[in-house]
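Visitor: Kindly generate the complete structure, drawing on both the sequences and the hints.
There are 2 protein chains.
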Amino acid sequence: MFSNVHIVLVNTSHPGNIGSTARAMKTMGFKKLLLVNPKEFPSAKSDALAVGCIDVLEKAKVFSSLDDAVASANVNIGLSVRTRKASIPTLNVNECINHVLSNNNLKYNIIFGNESSGLSNSDLLKCDYMVSIPTHKDYNSLNLSAAVQLITYEFYKHSNTHISNKKKPIVRATAKEKNYFIESLIALMGQTKFMSVKNSKSLTKKIYILFNKANLESDEVNMLLGMLNSINKKLNK
Amino acid sequence: MFSNVHIVLVNTSHPGNIGSTARAMKTMGFKKLLLVNPKEFPSAKSDALAVGCIDVLEKAKVFSSLDDAVASANVNIGLSVRTRKASIPTLNVNECINHVLSNNNLKYNIIFGNESSGLSNSDLLKCDYMVSIPTHKDYNSLNLSAAVQLITYEFYKHSNTHISNKKKPIVRATAKEKNYFIESLIALMGQTKFMSVKNSKSLTKKIYILFNKANLESDEVNMLLGMLNSINKKLNK
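Chains Z and P, in that order, give the protein sequences. With this note's numbering, letter number 106 in the first sequence gets 107, and the count goes up by one each step, no holes. With this note's numbering, letter number 203 in the second sequence gets 204, and the count goes up by one each step, no holes.
Please note: incorrect hints may appear among the correct ones.
It does not matter which identical chain is used: a pair holds within one copy or between any two.
Result set (DSSO-like, lysine-lysine): computed pairs, CA atoms no more than 30 Å apart in a straight line [claimed, not checked]:
hint : residue 1 : residue 2
1    : K158      : K60
2    : K138      : K60
3    : K33       : K138
4    : K158      : K33
5    : K108      : K158
6    : K40       : K214
7    : K138      : K46
8    : K177      : K235
9    : K62       : K235
10   : K177      : K214
11   : K234      : K62
Just so you know, the hints here were simulated from the structure itself, not pulled from any lab data. Small disclaimer: the values here were computed from a predicted structure and weren't measured.
Guide: Structure below.
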């Protein structure tokens with residue numbers, strides 16, 4: 002169940018939250034946990050809160066960068082309580098659930114940021130979509146594992162009633178393929194001076210958002226890379 | 002918002018869970034917390050986990066018995082992960098939410114039991130309805146504050162879309178009125194020897210369930226009490 006969906010925690014400060022997250026996941030049938038730069042893991046504090054689900058912690062994979070953690074997924078979805086200025090495509094919770102349940106041939110990461118600061122804007126650029134959990138306007142400080150609990154609950158609840166539609170499966174590119182192309186493009190734009198120290202931040206952002214929205218397939222990325230290669234060859238001839 | 006709904010924690014062992022519950026509540030617009038026999042409260046451990054919502058803890062009311070805590074509510078709803086043998090009326094989560102959102106003239110308690118043992122069978126007899134949160138069959142050990150988070154989230158989510166229907170408001174009896182009648186009836190049944198030491202437990206249960214299901218209005222309880230009184234007068238003449 003949900004074997005194509007990873008829960009990803011980024012820069013988690015409190016090991017107890019990793020244990021609580023494991024428990025939240027397992028109550029809803031999730032078992033695959035990825036950790037990016039946890040402050041303390043493994044930890045007795047994590048284990049103490051993972052009542053009956055040490056197996057989730059034992060199988061958790063630890064990464065030193067978000068890039069590495071997102072690489073093998075086809076779709077990366079970042080959680081954010083704040084509305085960002087960035088025009089990253091947003092999904093509401095139901096749209097997010099439907100996306101995942103309608104495409105069980107794709108690998109998904111559902112990505113949660115640090116307890117106090119959430120996901121950074123540069124982290125969100127690695128996400129195809131952004132999702133916000135609805136909270137009361139006066140106080141939106143969801144605990145990290147509570148946020149994981151709510152999202153996994155929604156998945157579990159909807160999976161019981163969801164009827165998969167039979168549309169043609171998408172051979173979607175992995176994030177690694179897509180981001181390799183984007184970085185290559187950015188490098189090229191530096192080389193061409195289109196991108197300068199002054200505009201690099203805003204341009205990088207626009208490029209990521211554009212290609213994230215494109216829902217690129219593997220063949221399309223290969224084609225784009227072929228185009229870049231041909232340009233590079235020509236430039237460096 | 003949700004000023005007619007109390008969250009009730011019964012026999013809570015870990016003060017940290019009280020703090021986490023306050024936080025879970027406030028993210029979804031709930032502020033009224035009742036505590037029945039908490040092991041440790043007030044507590045620095047509760048405060049530490051109630052980031053930004055000490056106000057909920059400060060206004061929490063502490064009771065020494067569930068009877069006292071449920072007394073002023075019209076409808077008491079108990080959470081249970083287990084399916085009970087007792088035929089207490091059950092609602093699924095959506096039915097529970099609709100019940101509350103359709104009757105904002107009524108006072109509700111949503112009642113959560115102890116971390117390891119949940120609500121006892123005698124606690125559940127004080128509940129008009131029982132609600133279970135769906136969990137995966139292999140592992141149903143929801144953390145206490147996670148359960149509160151899920152229920153309050155469902156309320157908050159649905160309150161944004163719910164259109165209150167204009168049906169005639171019910172002048173529903175309070176639990177205190179109803180339970181006073183039930184206890185009077187049970188006393189009478191002891192007096193009449195209908196209830197013996199041998200059958201008192203199972204009979205008590207059946208009586209509670211019957212009258213809980215009846216959704217008694219205040220006038221009806223008054224009438225029932227009048228009937229009891231008339232019997233008692235006759236018996237003790």
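Visitor: Hint by hint, say whether it matches the structure.
Guide: Checked hints:
For the identical chains of this complex, K158 and K60 are intra-copy neighbours only, at 25 Å inside a copy versus 34 Å across copies, given an alpha-carbon limit of 30 Å. Taking identical chains as interchangeable, the C-alpha atoms of K138 and K60 lie at most 30 Å apart only when they sit on different chains, with a minimum of 20 Å there against 37 Å within one chain. For a Cα distance limit of 30 Å, the shortest separation of K33 from K138 across copies, 17 Å, qualifies, whereas the shortest one inside one copy, 32 Å, does not. In the homo-oligomer, the alpha carbons of K158 and K33 lie at most 30 Å apart both inside one protomer (18 Å) and across protomers (27 Å), since each shortest distance falls under that limit.
Proximity of K108 and K158 under a CA criterion of 30 Å is satisfied in both settings, with 20 Å inside one chain copy and 28 Å between copies. Taking identical chains as interchangeable, the C-alpha atoms of K40 and K214 are never at most 30 Å apart, the minima being 32 Å within one chain and 52 Å between chains. Proximity of K138 and K46 under a CA criterion of 30 Å is satisfied inter-copy only: 26 Å between copies versus 32 Å inside one chain copy. When the C-alpha separation of K177 and K235 is checked against a cutoff of 30 Å, the pair qualifies only within one copy, where the shortest distance is 25 Å, while the shortest distance between copies is 86 Å.
Proximity of K62 and K235 under a CA criterion of 30 Å is satisfied in neither setting, with 42 Å inside one chain copy and 76 Å between copies. For the homomeric pair K177 and K214, the shortest alpha-carbon distance inside one copy (16 Å) is at most 30 Å, but the shortest distance between copies (58 Å) is not. When the C-alpha separation of K234 and K62 is checked against a cutoff of 30 Å, the pair qualifies neither within a copy, at 39 Å, nor between copies, at 74 Å.
Checked against the numbered hints above, the structure violates hints 6, 9 and 11; every other hint is satisfied.
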